[in-house]
Structure formats: C-alpha cells, structure tokens
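Chains as they are written, first to last, in the UniProt record's numbering: chain A, 1 to 281; chain B, 1 to 281; chain C, 1 to 281.
The reader is advised that the hints may include incorrect statements.
Because identical chains share one entry, a pair is satisfied inside a single copy or across any pair of copies.
[As the list claims (entries may be wrong)] Below, in silico cross-link-like pairs of lysine to aspartate or glutamate (DMTMM-like), each with a Cα-Cα straight-line distance of 25 Å or less:
(1) Lys74 / Asp263
(2) Lys133 / Glu178
(3) Lys187 / Asp177
(4) Lys233 / Glu33
(5) Lys233 / Asp37
(6) Lys245 / Asp257
(7) Lys207 / Asp75
(8) Lys74 / Asp256
(9) Lys250 / Asp75
(10) Lys203 / Glu46
(11) Lys207 / Asp173
(12) Lys87 / Asp225
(13) Lys233 / Glu96
(14) Lys87 / Glu222
(15) Lys245 / Asp256
(16) Lys272 / Asp75
(17) Lys272 / Asp175
(18) Lys203 / Glu178
(19) Lys100 / Asp225
(20) Lys187 / Glu62
It is worth saying that the hints were derived from the structure and are not from the lab.
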Amino acid sequence: MAYEGYTTFTASQDEGVLTVTFDFGSVNVQGQEMLSDLNGLAMRLERDRDIKVVVFQSANPEIWVCHYDTNLLKDMSTEAVSREEAKLLDLQAVLERISKVPQATIAKLEGFARGGGHEFALACDMRFAARGKYKFMQMEVGMGILPCGGGASRMARQVGLGRALEIILSARDFDADEAEAYGTINKALEPDEIGEYVDTLAKRIAKFPAESINACKQMVYESIDKPIDEALKAEAYWLYQATSKTPAVKRFQIADDQGLEHDIENQRNWNKLVMDVQNIN
Amino acid sequence: MAYEGYTTFTASQDEGVLTVTFDFGSVNVQGQEMLSDLNGLAMRLERDRDIKVVVFQSANPEIWVCHYDTNLLKDMSTEAVSREEAKLLDLQAVLERISKVPQATIAKLEGFARGGGHEFALACDMRFAARGKYKFMQMEVGMGILPCGGGASRMARQVGLGRALEIILSARDFDADEAEAYGTINKALEPDEIGEYVDTLAKRIAKFPAESINACKQMVYESIDKPIDEALKAEAYWLYQATSKTPAVKRFQIADDQGLEHDIENQRNWNKLVMDVQNIN
Amino acid sequence: MAYEGYTTFTASQDEGVLTVTFDFGSVNVQGQEMLSDLNGLAMRLERDRDIKVVVFQSANPEIWVCHYDTNLLKDMSTEAVSREEAKLLDLQAVLERISKVPQATIAKLEGFARGGGHEFALACDMRFAARGKYKFMQMEVGMGILPCGGGASRMARQVGLGRALEIILSARDFDADEAEAYGTINKALEPDEIGEYVDTLAKRIAKFPAESINACKQMVYESIDKPIDEALKAEAYWLYQATSKTPAVKRFQIADDQGLEHDIENQRNWNKLVMDVQNIN
Chain A
1 MAYEGYTTFT ASQDEGVLTV TFDFGSVNVQ GQEMLSDLNG LAMRLERDRD
51 IKVVVFQSAN PEIWVCHYDT NLLKDMSTEA VSREEAKLLD LQAVLERISK
101 VPQATIAKLE GFARGGGHEF ALACDMRFAA RGKYKFMQME VGMGILPCGG
151 GASRMARQVG LGRALEIILS ARDFDADEAE AYGTINKALE PDEIGEYVDT
201 LAKRIAKFPA ESINACKQMV YESIDKPIDE ALKAEAYWLY QATSKTPAVK
251 RFQIADDQGL EHDIENQRNW NKLVMDVQNI N
Chain B
1 MAYEGYTTFT ASQDEGVLTV TFDFGSVNVQ GQEMLSDLNG LAMRLERDRD
51 IKVVVFQSAN PEIWVCHYDT NLLKDMSTEA VSREEAKLLD LQAVLERISK
101 VPQATIAKLE GFARGGGHEF ALACDMRFAA RGKYKFMQME VGMGILPCGG
151 GASRMARQVG LGRALEIILS ARDFDADEAE AYGTINKALE PDEIGEYVDT
201 LAKRIAKFPA ESINACKQMV YESIDKPIDE ALKAEAYWLY QATSKTPAVK
251 RFQIADDQGL EHDIENQRNW NKLVMDVQNI N
Chain C
1 MAYEGYTTFT ASQDEGVLTV TFDFGSVNVQ GQEMLSDLNG LAMRLERDRD
51 IKVVVFQSAN PEIWVCHYDT NLLKDMSTEA VSREEAKLLD LQAVLERISK
101 VPQATIAKLE GFARGGGHEF ALACDMRFAA RGKYKFMQME VGMGILPCGG
151 GASRMARQVG LGRALEIILS ARDFDADEAE AYGTINKALE PDEIGEYVDT
201 LAKRIAKFPA ESINACKQMV YESIDKPIDE ALKAEAYWLY QATSKTPAVK
251 RFQIADDQGL EHDIENQRNW NKLVMDVQNI N
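Okay, chain A solo, but in the shape it has when bound:
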C-alpha cells in the first residue's frame, strides 16, 4: 500500500514505522488541503496492518503544524446553535479519526504547535518535544472562540482541570519544560536527543503485533470515558479481540517453557524476553 499523492506532507515507510513529514508552504498551515490529506491518510491506515507506528514531524525548522487556516476561520458562522443542532466540525472529525487509527501515533515536536496545530498534537497518542524549539499556545480565547478541534475536550484528559484551564484561558506560549511539568507532553528532550528517542520508541513498538497495539490503544481511550465496571468488561472484550488474531498463546507457551515463573534470572531479563518472542508468530 503506497502512501503517496499527498499535498501537505510526504510519508516514508521503514519496516513498520511510517514517518509523516509536513512540508506545506512557509508555515504548514492547517487548511482544507491538510485536512483532506489527513483524512486520506487515516483511511489507509485503518486498513493497514503492516504499519504499526506513525511519527508526525515537520520539514519546517520552526513550525511543526500551524494553526487552522484563518481564511476559513474568518468565514465562520456567527449564528448560535442549539445543543441538538451542534454537529462535529471538519477539524474535529478528522483529528478524532486520526486519534483512533489502529497504529500508535507519535508527535515529534521540534517547532511551534499553536491552536489547531496543538490540537492535532493532542489527538496523537504520545507527544515528545525539543527544548528551545518547541512552543505551544492555545490562542483561541483571545480570538473570540475556544479550542474546537478537540483541544478543549482533550486538554483535561492530559492534565488536571486547573492546568487545563490556565493553558486555555491564558492564551500564552508554553515551552517544552513547562509542557512537561504541566503534562501536555510525555517528555521534553534536548534537540539532539529527540530524534533518537522517538526513533527507538517507534521501532520498538513496531515490533509488536498490530492487533495488540490496537487493543491497548482503543482500550486506554475507552477507559476514561466509562465507569470502572464497564471499562473492565471492555478490557475483557479487547483481550479476546487480541488473542483471536495474535500469537499470544504461543508466546506465553514459550515463556512458560522457559520456566519463567520459577527463575529469578529470567525475571530480571523481561526486557530481553519481550523482544525475543517477537519472532514467534
């Protein structure tokens, strides 16, 4: 399956990792071209079991992904709607679709991510940012709107209410260290470290079975939207979704045959074991 023909990014595949590199005009504006590309990308990813991880990065030395296109924003409706009439916005629909692709998604943030650009980062599974290069801002409150590409919804799923409210109400830039302290990103890294860190993580995850990656990911998202008793049942559902398609039983047989549970030396080396069994299919 070829990942070609996009206008706003290029995509290159290396074993199970797809690296998507935004490169669109001077600032990687998030407009209809990018939404169309992202929607097309998601459609392909949903049917692809060879790609296990997607890394989103930028060719632009200063901007990861820019905010939503002001050329679209200036024509927004100014008519209030009722709760029932409110429908998903294009940006929301595309980012939610990206958020739930079966692959693990990583935002590798080496430049600005503001407004819709930051909302896109929040729709990825994980976020790593380069010190000195990364800044994020949700400026919407100052423009007269709110972060409506999932940003208002996803912010409090990443950080506590108080910090979510400060980020969204202050409309100021946060750097990588503040982002790490507040919890919007997983980790802040040095600019010369982030490449290897993300690469190692992506390649590691890409060795794991596609169906267990998907089960893990969907379950974590389901979990916070359900009371614990329903969440636990969803775990059981996803367990059998996974075991029906992965070599789980064979791998546990191998682990059992090695006498894993009676041997402290084997227990010390779980990190090796989990990688060793990746060739058991």
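Assemble the complex: chain A is given as a structure, and chains B and C must be docked to it using the hints.
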C-alpha cells in the same frame, strides 16, 4: 454594578479584574456569612460581562480561607440517608455555583487553606500558592467525615487517583512544593513573586472577550464529564455560542489580512498578535 | 478475626494496620493460589472494622508481585467475543474487589512489579516505590494481549492519556523516578526511607475512624466515574453514612469548644488537633 455590602470580604474592581479580599474575624471562618456572601457574589457575577476575572485573596497574613464553621458541623445530622434522599449541601451548592461563574477564577493562596477552605480553592479555575506561607490539609477523615464541599469529587479531577487518595486519607499538611508536585495547584511561587504573577495573568485574561472566556471554561468542565464524542459536540455548540457574541470573525479577518499564514515572522509573534487584536471589536 | 491460612502471603496485624507480605516460590507468581488468597483476604477485610490500613509488601528481595501465571495464560481462549459476551476475568474481579475494600491500601514497592503485578499495584489506593529496587513494566502488548487485570482501565485514572499510552504501548521498564514523574506512583523514596515513610503513613491513617476512611475512599473512586452534579450528591450520601457511625459530631463539638475558629494559634496546630481528637469516640 457595585460589588459592595459583603460581610466577609471586600471587592475591588480594576478594569476587568475583580479582586475579592477575605477579611472576616481572626481566621476567615467559612460559615453562613461567607456562604451567603459568596452566593450573592456569584449571582452578580453571572450577570456581569465587564468583569472577566476574579482573584480570591486574603487580608489575613496566615489564613487564606479557614475550614467550614465547626459551630455548624457540630450540629450535623447523624442519620444515614438513602442515595435518593441525598441532597446537595449548602457548601457544595455555593462552591459549585462559584465554580461555574462565567469569569475566570484564580485562588491566590498565601496562607493556610484547610478543609472547606481548600475545597473552595479546588472550586476555583486556577490555583497559585506562595512557598513558605501556603499549606493545605483535608482533615475530614480524622474528624469522622469526608471532604464534602466538592473536595472528594474535585480532587481526582486535579490529580491522579493515588495522590487524591493519599491527600484525603492522610489528613496531613501539604506545602506549596508538594502541592505543585502532586498537581493540586498550578504552580508554587516565591512569596514576593506571586503577586505579580497572578496580577499579570489576571490582567491578560481580562483583555479577552467575556463570551470566549466563558465558552472555554464551561467546555473544559463539561469535557471530563462526557465521553469524547459528546464532548466534541459540546465544543461545536460552544463555538457558535462564542462566535455569535464575540468579534471572532473580525479578528480572524485581521489576522488573515496580515498574511499570517504565509509569513514566518508573523508566526513567531503570535503572542503580540493575540494581544494586538484585543482592540478589534 | 485471624488472618491466617494463606498460601502465598503471611499477614500480621499491629493495631489497625495489617501487613501482608508476599512470599510464594522464587518469584511470587500471580496464579490461582494468589488470586484465591487475595479473594479470601478481601472477604475478611470487608467485614473487619478493626483493620483500617493494609500494606502490601514482599519478602522477595527482587520481586514485589510477579506477573500473571503464564501457565494459565498459555491456555487462554483464542475466540473473539462480542461486547455483550465479555465477562469479568478472574484477575479483574479479584483486583477490583481488593480495590474497594473498606480499608486504605498501600503498595510498598521494593522490587519488580510487571504485568499483573503492576496491575495489582494500580488496584491499591496508594503506591510508594524504592529507588534502585523498583521497576514496573506492562509487557502485554509485546506478548499479543493488553493489560487486562484492570491495568488498561486504571492507567489513565492515574496519569494523563499520553503517558498512559506510552507506558502500555512501549512495554519497557520504568524505574521509580520515572514512575513518580509520570504519576503511576505517589512518590519515589530511598530504599532506607520507604519503610519508615509507609509505616508512619499507615499508622496515622489507622488512627482515624473506619467509617470515614471507607467513605473517603469509596467517594474518590465514585467521583471520577460520575458527572460533577451526581458526584456531589454522592458526597452528601457518604457524609451521612459517615456521621451515622463515627464520632464526628462529638469531635467537632470539641473543636468548637476550644474556640478553634477564633484562635489563630489553634489554627496553626491543626495537625496536633486532628490527632488529639482521635481518642474522642
């Protein structure tokens, strides 16, 4: 609209910022007078679009807001009720009303906040605390009750379950640095820095449109109470609530006219841009 | 009530603290014997109002609790089930029961906790880990399944989505400091400090009334599973559950008699007061 006639605090207005200074007896006890004042304050704030931000501080050098009045607590009912019979308590009702006022609310914590006093802080949108002066405690478990001014409910919306449970079950004092590490406050600040930090933040937010402040705030609170698909629809609802009343379209037109999306120099200066457009109405 | 006859751990009672020490084979495997013991333990704890706190530790110098028994995992069903057919797994049911016992539960982590072992730690109310000795890993994704002992469900209730997804998708070891930074544990402590830290905390909580410990704990868990308006009503319900069985009214009478709310000196000494009233019943 005058913010006068309160017994337990004074309120002074400086442009869009209302500073509420608790000054009631020797310890700022949280009794019927304070609840009555806070309820009256909320009622006014709900109809006021000129005030954008409320800062809660204390005139008492050691206590921000004291715990709930023991004179009321000693007369509590000792009769268990059914789930159906359980009704909102006065403290819960008032703090929930304060929590949802259309303004951004900031707790500027330069003294003790224990029991109901800390629950009041948790009902504010943001919390900043002075090192060496701030301490918080939820002592309820040791008194034979639980934090029932929203504290048990709001704690796990600020920090993870494990830390929420430790705070509530240990009934011990936490200082500003521990509060920051555990995430109950946004930031710990030096005593000589907190004034300017809060002032700068409050004045910044106060420049933004009242309706987008309200939309942002209500949406963040809604978000964690709803599954993601419903939360996203709520964002769309609040978007048009905002655009129908704010100069959003004009501001994005200005941004677009400046060629924002084709100019890296403009992108670098988003912080300036977001403040510059505040005079476009 | 005697806590005896267990195969996989011993339990010793010191006033209100029950210390459960896992000591089963070479690696403390989490198999049917341990589940059976834990289920039996929970059954007793549910009826015991003398034990207020349970500390879970290990006699094994390297392993706290091992992962789920591979001898059971290798025989897992490989048939997908529908959402309706999905039923609680044994590990889920037992850990959920442990999670909701009326006592405060503390995981004292001085060795590895991987897979189901870490899921057991997540089912405890609080977690403290020893630097240099503790490591945790959720390796399930690499084995072809997902953390299905409540781990996928409970992870995002402890940390934000991004870090929960990294932990579960990377299947790597995290040490005590990373665990603290990501928020899966309450605190990382030095190996020679953790004993006293946990002991002090456990003894402190054990002085408090059983019914208020239970009310606090159940309410925090309820809180994140309910919208705020329902959560607040649950607080009111638990308040009267507590006051109907604890000496709360008498204790607040004492506090009131001491003129607590008019005396700054008394306010400074809340930590002393909360312990002093523990003999008022």
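Check each numbered hint against the structure and report the violated ones by number, ascending. none
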